[in-house]
Amino acid sequence: MLSGQFLKFWIKFLLIFLCISSSAQVKTTKSSPFRSNILTYRKPNSSVSFSGFYRFLGFVRNQVETFPNNSGKTTVISSGDNYREPMFLLKLNGRTRENVTFGADFMINSLYKGPSEDYISPLTLNLGLNLTTTFLTEHGIFKLKSGGISWYRQSRLTVWGNRSFNRISLFERRPQTPLNQFPFNRYSKYYNSGLLDQGIRYGSRAFQGLFIQGTKLPLNFSVKGVIGKSNFNRSFLESSDNFTGCFQLKNILNQSTKISYNYLSSWADTDSLSYDRRNYFIHSLDIDKKINKLQFQMELGIGNYTDPEKKLGFGEAIVLNVKTAKTYKVPLDIQLYRISPQFVNVTGNFLNTTVLEVFPNVAGVGTTVRTPYQSPMVGLGFPVNNRQGASINADLEVGKFRFNAGIGVFAEIDTSYASLSYIHNVNSQTLSRIFLFGQNWGPYNSLNSTYRRVFENVNISDTSKTGLANFKKFFNTIEFEAKYKNQAFGKNYYIFSLTRLNTCQKNLVLIPKFGERTLISQLSQEIDFSIGMSKKAVFILSYGIQKVLGNSSTDIGDNPEASVQSKFFENLGLESLYKYTNYRNQTNTLLGFGIDYKINDNVYLFLRSTKYRYFDPNFIENHLKGFETMLELKINF
Amino acid sequence: MKRNLRLLFIVFVALGIVNSSIAQTYEKIWFDGFARSYFARDAIDKNVKDDTLSPKNASNGYNLLDLNTHVNPIDDIEIFAQIRIKNSFGGFFGSGTEIDSRQLRVNGTINNKVRFSVGDLFLKQSRFTLFNYDEELSEFENDMFKPYRDIIHYENFYTENRWRLQGIQTNFSFGFDRYIKNLAFDFFVTRPRGSRQISIDNYSSDLLLSGGSMVAELNNHFTLKNDYINLFEVPSSGNQNVSVRNPVYQMTLSHYSENNEHYIEQKLEAGFSKRHWLHSELENGNVDSISNKTHGLFLELENSYFKKDSTFDFSIGYRYVDPDFRSAGAQTRRLDYGAGNINSNYPLYTNMQMVRPTSIFDLIADDRLYNQDLSSNLMTFNPIYSNVFPFGDATPNRNGIYFIGRYAHKSKIILGKLNTGFFSELIGQGTPDKRRFTLIRASLKLNIHHFLKLNKELSFSLASENEFTKRSGNSVSSIDLKSNQIRLSINAEFAKRFFIQANYRQFDVKGNEFLTERNNFGEITYFSLSDYNQKDNILSIGILNKIRKNIYANIQYNWWGMEFTGQPFSDYKYNRLLFILSLKL
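Chains X and D are the protein sequences, given in the same order.
For the first sequence, counting from 1, position 367 maps to 367 in my numbering; every step adds exactly one.
For the second sequence, counting from 1, position 373 maps to 373 in my numbering; every step adds exactly one.
It should be emphasised that the hints constitute simulated quantities derived from the structure, not laboratory data.
Possibly wrong hints are sitting among the right ones.
To be verified - Not close to chain D: a few residues of chain X, all C-beta gaps over 10 Å, as computed:
(1) G128
(2) N166
(3) R174
(4) S256
(5) E561
What the hints assert, rightly or not - Heads up, simulated BS3-like pairs for lysine-lysine below, C-alpha to C-alpha not over 30 Å straight-line:
(6) K510(D) to K417(D)
(7) K567(X) to K547(X)
(8) K311(X) to K56(D)
(9) K145(X) to K496(D)
(10) K535(D) to K445(D)
(11) K634(X) to K598(X)
(12) K86(D) to K224(X)
(13) K216(X) to K496(D)
(14) K307(D) to K549(D)
(15) K546(D) to K91(X)
(16) K417(D) to K311(X)
(17) K445(D) to K113(X)
(18) K549(D) to K143(X)
(19) K143(X) to K46(D)
(20) K145(X) to K146(D)
(21) K310(X) to K46(D)
(22) K216(X) to K456(D)
(23) K549(D) to K91(X)
(24) K216(X) to K549(D)
(25) K86(D) to K634(X)
(26) K28(D) to K91(X)
From a predicted model like this one, the values you see are computed outputs, not experimental measurements.
For every residue, glycine included, the Cβ atom is placed at its ideal position computed from N, Cα and C.
Let's have the full structure, built from the sequences with the hints guiding it.
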């Protein structure tokens, strides 16, 4: 009853006012009449811009020879880069009027496998969100950054991405590989400077958390630091502690001298109730001094590692670099380092080989970040803990030839695992694509895939009672690169030759040697030939071969018949240059061609086709052979 | 998947219109929004010995960006989309990422006369029809816990005591040159809850909320306002054949007078509500019927005085709310203790793995305890935190007077606030005896820097909130419940825009109260006696950096816990480290 009366009242009321309103002026009053909804009109406050790229990667692999546990599927047709790289990256960059920047990078992938909803990939983020604000004070400029992944670098012993001497084959491409104004510029730049822009992430580590940076502080000081997580800080329970914090306090004493103190601490719960904890910390002093045409860089550090089972105590580390100016006829780069086994870190510019547990081993994520840890044989400029040594690198220019070469000798400080590992130089990406981020795979469970690489473990039979190797390992490395430029039929061409030799033995030798006394010898040769067909097109040929030989202290093969180490020398009848062996006798070969083609500004097409083979006659099941073809369309905007 | 496609569409449309480089230069589309970095690490206090089954510590964090995209295809129309991008702390290279649409709305003006909004609306009418009352114990909040409150309010769309609803709204007004000054109309229809499948063959009905207001500014001294609101289910949209109807009618007459120094307002608000459940499409051809029909009135008379230099104001009033007054839009609580919500942080504790009782720290820090859905029934409340007005001013079965005052020294050295109320029930619950309620809340802030003429802020605050509930009668039905919260806080600016903050908060409750249990039609079915004797406490210290307006970074450490005496709960103590970076873009 009440509601009926009320409604009648309303209707009458409205009718009366409608009549009145005919004589009244209808308007939106300036004095903000009542409205139940919130007033939402605002003025623009932030500027936003977009950039990014589209990258189609069509991929076909036809396996002629497979591992025995292959399912029978020998051909793969796929689109998209499987290494969690975006097909479509849309970077949002915003800035408020108050000078706060914010950004997010949307990542969209599509498998192009038909309209089924099962194959539609969700919209996600590549690096996540980042918020940055800068504020000026009378004491300096401070930057506060928080959010998703940022690339951070501090010092070689604390936070520094793996960065070596940039001796690589240019045949392989990565999503980060930038587009040049003309396709040929990529090769001419490599010929001229040897350094290629590998993107912002090169030489830095992925961190997320809270970043603070202070510059132009009093007395020429600056400070930067982060507390958060690196991609190694993966908790097995999402809420468990697993963090890394570090900072650097730097002072520029004068134009030629810089000094900085660095600190890093990493800690993680190792049980679900947070009673047990793994922890390591590092203090280091970094000095950069220029005397005339010599530049000295030295970092001296001390670290300590503890976990519920190991208390390694303090360990020292020193990295010394001496570089001469590029103006010398033969510029030199000398590096000495010693990193003790107690000096543990996974975010520095060295590999951790002493504590396996610091690598996350969480299903689905842990496998992606476990680097070689069993006495890895690595290239120059790639320090490893529990190791000391020296290397010397030199450049030389003779006519149209450009050479750069390096030699290094390294030794373990203490005995370690009864095993070795080596990173494949040839077919490394190809093998890693067969089983992405797999651990201990292959017919002999010796292959391990990381990001665009594969390393292989080798067991050593000469062990002590504790199960460790019965000796200290000594490593030798030689790298030699030759570059040549010329013209043929009016077309510029380049030839790049890269030779790498890594050996490991029980004794110290200055020059690497093959033979029974060498545990593992790894020799690789890669040759790239590129010719500019036109301003817009480059044709590339690539050949690579890698030979890995093991001695009797390493794994013995399952083929009862010994195989010849070099068929080439056998065919030539040079008996002194080859032997028969039952141990590792591995050959990796790659033959490929490719085309780089510029369709338009910021629109490029790349074709790569390779024939690969991974073969060891002594390990019968280690035989892979096939073809890979990739078509990449990349559009920057 | 469809959601993702929609997001993709939005992104592509945005990108397409934006013309790839500088979006802002194109005036038809512009952006703003909100961003936050959040990290919290909780730990069991080292002194706690009887909990070896819970993790000693736990951490979580995230970064989020709510990107507001405003598209103005024509001058008077705006399309608004809020896209939430969130990545959890510890998720790398695409893992732990969420992208959602959070709001979508169109609003504009037709012929420069009629305003309209479609989509996500934030609606408010009057305190007895549609009003989202503040959560308990939040009246005198200080800067220390502002980051927490900001999150609770933002994540639950609590803006200016409005409810976030989805529907359509319009308003327009008339200006007159005689008899009446202005006449404004406002109407809305929203759907607080859509029909959904509740079992294989059963679907719930759509729940709609519609309303209208008419505000007549008769002259410079009188305003007349009528509000109507109705929460109702559409039976045919489901197959549950029972649907609620809850219309509320209100009329407000306000009188204003002022001179150069003073402003005085008298306000009379009155209205009534009805609620019943309609039983329709019954078996065997039975005609529709209604059940659980209730009517309720309310009345409030308030006199307010404001000194125009803002140094003093007060309101004194009388309020009467019938026991059966029901208004879903005004009586829905932000905190629902009956929804089965458990604390996000250490939900279980002790080696018995008991459910941990909610503390005042949880109320401050846990945004997931809060509610955004309108309820047609009175929701369960916890009498220890709000027993006088658990449903705000619209709390039924209350009759009494109140006084609210504020004083500020001319040089802002002292700022004081007082909020008191003396109420009683209109009818007893389960007994002829009625509860009597007393509410006393007061705060005092001393701006020492004004007194000492310092350039940087140094202030001290003290606040106390007290509730007393008494019911005489025999030993079984008598009630005596006292609760008190006291807060002390210090703010000291040690560098430009950098503040050291310290805060201590203690909440004590002692006594007994009967908790009511209600059925689906809101009828009380059972009273259960609860005895209370417990203490909550929070000690916090932190640093706040007010980087710029609407941008702050805060790091704080909280020690918090609860102690029980003579109750079947164990004491607990926890610590928390919190970091928040909050940016309004």
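Hint check:
The non-interface label for G128(X) is inconsistent with chain D: the shortest C-beta to C-beta separation is roughly 4 Å, within 10 Å. Against chain D, the non-interface label of N166(X) holds: every CB pair exceeds 10 Å, the least being about 24 Å. Residue placement check: R174(X) keeps its beta carbon more than 10 Å from all beta carbons of chain D (closest about 15 Å). Once the 10 Å rule is applied to beta carbons, S256(X) is consistent with being away from chain D; the minimum gap is 34 Å.
For E561(X), the shortest C-beta to C-beta distance to chain D comes to about 46 Å, beyond the 10 Å cut-off, and the non-interface label holds. Proposed proximity of K510(D) and K417(D) is supported: the alpha carbons are some 25 Å apart, at most 30 Å. A threshold of 30 Å between alpha carbons decides the hint, and for K567(X) with K547(X) the separation of about 12 Å falls inside it, so the pair holds. For the proposed pair K311(X) and K56(D), the alpha carbon gap of about 22 Å is at most 30 Å, so the pair holds.
Annotation: proposed proximity of K145(X) to K496(D) holds, straight-line Cα distance about 20 Å (limit 30 Å). As the CA atoms of K535(D) and K445(D) are separated by approximately 25 Å, the hinted pair is consistent with the 30 Å bound. Among the hinted pairs, K634(X) with K598(X) is consistent with the structure: their alpha-carbon atoms are about 10 Å apart, no more than 30 Å. Distance check on the hinted pair: K86(D) and K224(X) sit about 26 Å apart at the alpha-carbon level, within 30 Å; holds.
The straight-line distance between the Cα atoms of K216(X) and K496(D) is roughly 18 Å, inside the 30 Å bound, and the hint therefore holds. Proximity of K307(D) to K549(D) is assessed by CA-CA distance (about 29 Å); at most 30 Å being required, the pair is judged to hold. Of the pairs offered as hints, the one joining K546(D) and K91(X) holds, with about 29 Å between alpha carbons and a cut-off of 30 Å not exceeded. Restraint check: the Cα-Cα separation between K417(D) and K311(X) comes to about 59 Å, which exceeds 30 Å; the hinted pair is violated.
Distance restraint check for K445(D) and K113(X): the Cα-Cα separation of roughly 66 Å exceeds the 30 Å cut-off, and the hinted pair is therefore not satisfied. Under the criterion of a C-alpha separation no larger than 30 Å, the hint pairing K549(D) with K143(X) is consistent with the structure, at around 17 Å. Between K143(X) and K46(D), the direct Cα distance comes to roughly 35 Å. Violation of the 30 Å bound is thereby established for this hinted pair. A C-alpha spacing of about 21 Å is found between K145(X) and K146(D), which places the hinted pair at or below 30 Å, so the restraint holds.
The straight-line distance between the Cα atoms of K310(X) and K46(D) is roughly 25 Å, inside the 30 Å bound, and the hint therefore holds. Taking the CA atoms of K216(X) and K456(D), the gap is about 25 Å. The hint holds against a cut of 30 Å. Annotation: proposed proximity of K549(D) to K91(X) holds, straight-line Cα distance about 27 Å (limit 30 Å). Taken as a hint, the K216(X) and K549(D) pair is honoured in the structure, with Cα atoms around 25 Å apart against an allowance of 30 Å.
Distance check on the hinted pair: K86(D) and K634(X) sit about 28 Å apart at the alpha-carbon level, within 30 Å; holds. Among the hinted pairs, K28(D) with K91(X) is consistent with the structure: their alpha-carbon atoms are about 21 Å apart, no more than 30 Å.
Checked against the numbered hints above, the structure violates hints 1, 16, 17, 19; every other hint is satisfied.
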